[in-house]
Each structure stands twice: as C-alpha cells, then as structure tokens.
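Participant: Assemble chain B with the ligands onto chain A, guided by the hints.
Listed here are the chains, written in short residue letters.
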Amino acid sequence: MEQTIDLSVDFAGLKLSNPVLTASGTCGYGDELAEFMDVSKLGGVIIKSITPAPRKGNPTPRIVETDAGMLNAIGLANIGLERFVHEKIPILEQLGTVVFVNVAGQMIDDYVQVVRRLSQERAIAGFELNISCPNVKQGSISFGTDPSQIRQITGQVKAACGAKPLIVKLTPQVTDICVLARAAVEAGADALSLVNTFTAMVIDIENRRPVLANRTGGLSGPAIKPIAIYLVSKVYQDVAKPAGIPILGGGGIRTASDVVEFMIAGATAVTIGTATFVQPDTATRVIDNLRNYCERKGIRSIRQLTGSLQ
Amino acid sequence: MKNGVNAGHKGVFTAEVLSNQQIRENYYRLNLRLDAIGSRYFQSAVPGQFLELDLSELPLPPEEKIPPALRDSAHRHILLRRPFSFSDVIVLPSHEGPCVKLEILYCVLGPATLRMMSLTSGTVVNVLGPLGNGFTIPKTLKRAILIAGGMGAPPLLHLGGYLKRHFSEVQTVCFAGARSCEDLPFTLKIGNITGLVLEEFDVLGIPSRVATDDGSAGFKGFVTECAGQWLSDNRPHPKDTILYACGPEPMLAEAAKLAEAFDLSCQVSMERRMACGIGLCQSCAVEIKTGATQTEYKLCCKDGPVFDSRKVVFQR
Ligand SMILES: Cc1cc2nc3c(=O)[nH]c(=O)nc-3n(C[C@H](O)[C@H](O)[C@H](O)COP(=O)(O)OP(=O)(O)OC[C@H]3O[C@@H](n4cnc5c(N)ncnc54)[C@H](O)[C@@H]3O)c2cc1C
Ligand SMILES: Cc1cc2nc3c(=O)[nH]c(=O)nc-3n(C[C@H](O)[C@H](O)[C@H](O)COP(=O)(O)O)c2cc1C
Ligand code: FES
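Top to bottom, those sequences are chains A and B.
Throughout, this note's numbering is defined as the position within the first sequence, counted from one, plus 2.
Throughout, this note's numbering is defined as the position within the second sequence, counted from one, plus 98.
Here chain A stands alone, though its shape is the one from the complex:
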C-alpha cells in the first residue's frame, strides 16, 4: 500500500507545502523561473533584495567561478520599491507560491519604508531582513555584526511588518553567530535565515588584480555547505530550539540529501541558490527526491527530521 508522505512544514506561522525555497538573489523576481518549472510546487520563493530607491549595482565583472563555488558582488542591483510594486507584484500574484521579499538598505528607515509599503500587499507572505550582504559599502552587513544594532533594526522592522512574519538573515562572518541570533530573536524575529555568503577574493595572476570589479565578493555554492551545516546546528541547539524559532537553512544545497542534512542539523526549511544557475529546475527536482528519501526511510512527515541530529 502506498503511504502518503507529508512534506509540509510550519514555518514562522505559515504552512509551506514543502521545505524548499529559492534563495534571494538567485531566482530573480520569481517570474523568470516559471519557464523552467512549476513554481507553485515550491515551498516558496524569496525575491532578491529590494531597496527604497532603484540600485544599479556594481560594475562588472560581478562574478567569478571557483572550485566548487562562485563569488558574486552584484551590489544589491534592483528596480526599487515603486517599480517592484507596479511591475512585479501583479506577476507574483500569479505564481501560486508563498512569496517572501528580501529587504535591504543603508539606514534602518530604508528597511522600514520597504516593509511598511509591502506589508499591505496580499501577494507577499513575509519578509527576509538582509543584514548580511557583504557587497555594499554602507548598511547591510554593518548592522549584522553588532548585537545592539540587530536588536534595534529587527525591532523597528518587525513593528512595520503588520501580521507578516520577519525572517532575519544572519551573516556567518562573526566570532559567535549565536550572540547575533539571540539578539534577533529577542527583538522579535519570527525566523532565522543562515547562511549568507562568505567574503572572499580571487586574484588574476596574469595582472595581479582581483578578478571582481568590487575586488571582493561573497562565496556561495557547494564549497560553503559544511560550514553552513555546522552553523545551523550550533544556532539550533543554542538559540532556535530553546526559543522555539524556526531556521531557514542554506548554503551550497544541490540535492535532496543536502536538504535532509540541513534539516537534521536543525533547519525547518531550506533555500537553494547557486545550484539553480546550473540547473534551473533544481528546486523541484529536489522536492521529488525528498519524497523518495522519506519513502525509503519510512518517514511519514518530513517535520520529524528537523533537529534530529544524534
């Protein structure tokens, strides 16, 4: 007899049909992917960082490949709040999946402005606070490394969210990520997202210059997965589990086994980023393979996996 396997998860007050989301900055505004897969099959999508005014982003080259990964320094290029509302929200309404918007800025007011405006939109389920982008000179990561600033920004943005959940995306580049995770949770974060990319550099040995125009970029892809797994398990044990707050885990996920690994470490849901560039339908393939894994292991509900590390 065929058993039905329940892939759904409860995440920050929302029910997701499965734990797989596409990561901010790697799925455009959601519409580009619709040509390659049935987006409504996803647990959700996270739209790339939106700032109040449009941002052109950094000069090129903006990316470079490394062994088992890539560096990016896009510089939060985006169309800005107003164009996003007018051009993209009507498309997002048609996607048939849970949409989170990643929010960035230079000052706390920037974040508050975007979230307040978008909190009125039915098409948007919640927000991911980007205080961890390594590629812009002001704002972003500078908020993300200081617990008192995290407390302040999380508190103020949460107040602008209305009833919608707020995910705080942490940078892994700190001495003790748990201090920052705790600060976010205490200030009202509904979920924690980790990890963002790691600052890195590639040098062209012919001309002794960095390859990226921005000189440095964020490392993503399979290379960072074991570090991300470690950080998820640490934050889960020390902060998320005691506080009853879910983790959105990610970094280098390519396969269903990677997803399972993140969930065992403590993630409730996961994001797929760089892998989508290679295989645009990675996320839906992974969802199908998750079902196979559960079947093989006799797991009725995928929720059982979260934090099941022995």
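Errors might be hidden in some of the hints.
[Said to hold, decoys possible] With the Cβ distance kept under 7 Å, some of the chain B side facing chain A (calculated, not the full set):
1. Ala172
2. Arg174
3. His175
4. Leu177
5. Leu178
6. Trp328
7. Arg370
8. Arg371
9. Cys374
10. Ile376
11. Gly377
12. Gln380
13. Ser381
14. Ala383
15. Ile386
What the hints contain is simulated information worked out from the structure, not anything from laboratory work.
Glycine included, C-beta positions come from ideal geometry on N, C-alpha and C.
Facilitator: Here is chain B with the ligands on its own, set in the frame of chain A:
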C-alpha cells in the same frame, strides 16, 4: 511549466555530438544534433542568440593533448555552465517534428573549453537555450556589414547564412580580424579579386576581407580600420545599411565610433561573465545610456547580448 515546449521558448534538453573537429591550434568546430524538445525550442532561433552548455562532468583530454599553458589550471573543477554562440542552425523537417542541427565554433581557453576537446561523436551534452535576443533585421535592410573580431565570428557567420537564406536581396560583406592568422577561426583562401578571403563566407557568396594586428594575413591593422577604409570608398546609404559587430569590447567600441562617423546604425553583440544565462543573478550587467547623462544596467543574457551601439557605455 506554463509555456510548454514551443518555438520561441527556451529550456533544458540534451544534444548528441555529431562531430568535433580541430580547425587549427586551439580552435574547434562542434556539431550537435538536438533532441526532439531542443529541436522545437531551436527551430526559430536567430543569429546572435546563444546557449549554455553544462560541461562539468566531461573528462579532461589526455595529458599530452592539453596545451602547455593550460596544464597547470586544467584540474580546476567546473560548477557553472558556459555560454556559446552558434555559427549555424539547420532545421530539417521530419514527420516527428523538426530536427535541428547546430554548429559551435570554440576556442580552448580554460578548464571548460579544455574538456570540450574530449567530446566525440555520440557523446550527449546538456544544453540550456536558446537564450537572449539576436540581431534585428529590418525589412528595409539593403546592406549588411559584418565586423568580426577573434572568437566574435560565430554569430556573424550564422547571420551571413541567415541573410542569404531569408533575405537574399541584402548585400552582405564581412570583415574578420584577429591578432594573427593563427587566431582566426576560419579557413583562409585566395579570392579572385581581393586577395585573402574566408572560405566559410565565400561558399555563402559573401565577399570578405581579413585583417590581422601583426599583418600575418590580409590587411595589417585592426579590423575596424580595414572596414573604415572600405566604408570611405563605398559610402553605403545610412538609411538601409546596418553594421553588425561581434568581438572583444574594445573592437566593439571602435565599431560604434565607425558607425557614428558614417552615420550608420550598428548592432553589437556583447560578452559578459554569466552565472545563469536566464536573468536570475544579475551578474552580466551592461551599462546602457538612458539619457544625456543617465545610465542603467541591462542584462547581457536577457536584454542582450545584442545591443544598439549608440546606447552602450563600453568598458575599457
Ligand atoms: C554570449 C556569449 C557568447 C559566447 N560565444 C562563444 C563562442 O561562440 N565561442 C567561444 O569559443 N567562446 C564563446 N564565448 C566565451 C566562452 O563562454 C568562454 O570562452 C568560456 O566560458 C571559457 O570557459 P573556460 O572554463 O574554458 O575558461 P575560463 O577559465 O572560464 O576563462 C578563460 C578566459 O576567458 C575569459 N572569459 C571567460 N568567460 C568570459 C566571458 N563570458 N566574457 C569575457 N571573457 C571571458 C576569462 O577572463 C579567462 O581569462 C561566449 C561568451 C558569451 C558571454
Ligand atoms: C548572484 C547572487 C546574488 C545574491 N543576492 C542576494 C541578495 O540580494 N540578498 C540576499 O540576502 N542574499 C543574496 N545572495 C545570497 C543567497 O541568497 C544565499 O544566501 C547564498 O548564495 C548561499 O546559498 P547557495 O550556496 O545555495 O547559493 C545572493 C547569492 C548569489 C550567488
Ligand atoms: S547571467 Fe544571470 S542574469 Fe545574466
């Protein structure tokens, strides 16, 4: 999948290698036969579009075949797909739907193109495409001037063939340049009147000129200088003439200047490092003028790779 498998759409599919021939040191011609899905996607592909190949699982060629300059870096792993233009697309109708064959010209430069050397007939590769917007051919076009620099040649060869097939009344002339004759991805032969010509364009009935920076073949100097001389001598009418250029960015900038000097419109095909090829990552930005002083970034993969040369802010 909202759009289904149709002409005008793009997607992921497989293709079988028909042949992979060396044309000169470090230059190869790859012929592929697309599967049924790919054939439907590609049946209306136009010159200037491109595709992305997943080469990450191909083996390295035998040690002795690896060019000495690449031996050290050959073992670097590949993660991302690699973008390639095509130099020809042939649609063969059949009862089961179209069957598309396409040709890629490639230069061995690094770990991915090195692995392409190992492709042999029968190997199956994973393809994403067709991507981007190709060259625009207005109905009023009477004269097309193609300017190819180095590995910028493939889409212009495709354009030449496409014009002959679908716009046979358009007069086309091609200028191809490279650092030296070793870097021209073409076969050279002696023409009837004009000295060296390119075999690949000659068979299409398109007159061609060769320029090399070092003078090892044809005109000594930049290909844009060679085209400039021809433009001075021939003065084509601005209203029905278009310059089509593809090659390294400094060459495209020169082609843009040439177009301005002769009051011609000019379409340039740009290259950028690409992570996704489909508009997801914003890595492939091209700076485009939107006003007297304002600019914005457009995506090479999605809005391009072909742009109006007057709009592009070229990088040095
Ligand atoms: C739209 C488009 C069409 C292309 N068409 C063709 C084609 O028809 N035939 C062909 O041989 N090549 C073409 N290329 C270039 C081709 O994609 C690269 O040569 C290839 O990715 C190199 O991969 P690799 O791993 O062998 O070398 P890598 O080690 O990745 O690169 C080798 C060298 O090439 C440079 N390079 C790599 N990618 C790019 C890029 N996208 N733009 C500019 N410089 C780059 C690097 O700086 C490096 O010095 C095209 C590129 C684009 C964007
Ligand atoms: C090209 C690119 C652009 C990105 N842009 C953003 C962004 O705008 N905001 C953000 O919070 N994270 C951004 N990220 C980080 C990803 O969302 C993700 O956290 C990271 O890449 C790790 O996951 P991965 O290894 O699966 O890609 C970006 C990553 C890449 C590769
Ligand atoms: S290559 Fe990703 S947006 Fe162009």
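Participant: The structure should be examined with respect to each hint, and the outcome stated for every one.
Facilitator: Do the hints match the structure? See the list:
For Ala172(B), the interface hint is violated, since its Cβ never comes within 7 Å of a Cβ in chain A; the closest pair sits about 13 Å apart. Because the beta carbon of Arg174(B) sits about 6 Å from the nearest beta carbon in chain A, less than 7 Å, this interface hint is met. Here the hint on His175(B) is kept, as its CB sits about 5 Å from the closest CB of chain A, short of 7 Å. This hint holds: Leu177(B) has a C-beta 6 Å from the nearest C-beta of chain A, less than the 7 Å allowed.
Restraint check, Leu178(B) versus chain A: the minimum CB separation of about 5 Å is within 7 Å; hint holds. Because the smallest distance between the Cβ of Trp328(B) and any Cβ of chain A comes to about 32 Å, over 7 Å, the interface hint for this residue is violated. For Arg370(B), the interface hint holds, the least distance from its beta-carbon to any beta-carbon of chain A being 6 Å, beneath 7 Å. For Arg371(B), the interface hint holds, the least distance from its beta-carbon to any beta-carbon of chain A being 5 Å, beneath 7 Å.
Annotation: Cys374(B) was flagged as interfacial toward chain A, and the flag holds, the nearest CB pair being 4 Å apart, inside 7 Å. With a least beta-carbon distance of about 6 Å to chain A, the hint placing Ile376(B) at the interface is held under the 7 Å criterion. With its C-beta approaching chain A no nearer than about 5 Å, Gly377(B) sits inside the 7 Å limit, and its interface hint holds. The closest approach between the C-beta of Gln380(B) and any C-beta of chain A is roughly 5 Å, which is under the 7 Å cut-off, so the hint is satisfied.
About 4 Å separates the beta-carbon of Ser381(B) from the nearest beta-carbon of chain A, less than 7 Å, and the hint is met. A hinted interface residue such as Ala383(B) counts as satisfied when its beta carbon comes closer than 7 Å to some beta carbon of chain A; here the least separation is about 5 Å, so the hint holds. A least Cβ separation of about 11 Å between Ile386(B) and chain A goes past the 7 Å threshold, and the interface hint is therefore violated.
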